Amino acid sequence: MIELDLSELRAVTAYAVACAEPALPIFEQARPDDRRPHEAIDAARAFAQGAKRSKAIRDGAWAAQRAYQEARDAGQAAASEAARAAVAAAGAAYLHPLAKATQVWHILGSAGHAAYACELAGLTAQHRAADPVVVRVLSRYPAAPGGRGRAGELVRELDALLRKG
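For what it's worth, numbering that gives the first Met the number 0 labels the leading residue of the sequence shown as 0, then goes sequentially.
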């Protein structure tokens, strides 16, 4: 088991929100009437700023997941990845204290999906500086696992970069 306290979970979630937010305009441009990814990020942000971890975060994540699927099914790849970044931002609040590489996705998944959304949209993704608390939490986990396509590659690149310091 990995020791995690509430302030660390909030820092990880704040980082995930900061990574996912820049991809929101990509989603909103493609699907202007769909606020689900935005609402997932808002719920995660509220937790990061001190609210209780609540059902609203999980509900927001599930709704953003449906938005991702709908955008994907409509052939809107960049928008779907932007929605996945929102899902991952909400999921960051539920980082588990399990020493498994898959947990790195709770920390860096929003960054990977947002970067991929930007790439697909022909934009340059901006690397968000990670708070030292986030880097310390990340260092307690094994390196990011293989797989998960291009977003996985981007997560592994960021993981290696943050671990180097």
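FYI, nobody ran anything at the bench for these hints, they're computed from the structure.
Here the structure is a predicted model, which means the values were calculated and not measured.
Among the clues, some could well be false.
[Claimed, not checked] Each computed SDA-like pair below joins lysine to any residue, with the alpha-carbon atoms no more than 25 Å apart:
no., residue 1, residue 2
1, Lys99, Ala128
2, Lys51, Val134
3, Lys54, Gln75
4, Lys54, Ala73
5, Lys54, Glu69
6, Lys163, His37
7, Lys99, Arg57
Here is what the structure says about each hint:
1. Lys99 with Ala128: Holds, at about 24 Å.
2. Lys51 with Val134: holds (23 Å)
3. Lys54 with Gln75: Violated. Lys54 to Gln75 sits at ~29 Å, over the 25 Å cutoff.
4. Lys54 with Ala73: With a Cα-Cα distance of about 29 Å, the restraint between Lys54 and Ala73 is violated, given a limit of 25 Å.
5. Lys54 with Glu69: holds (23 Å)
6. Lys163 with His37: Violated, at roughly 32 Å.
7. Lys99 with Arg57: holds (21 Å)
Violated hints, in rising order: 3, 4 and 6; the structure is consistent with all others.
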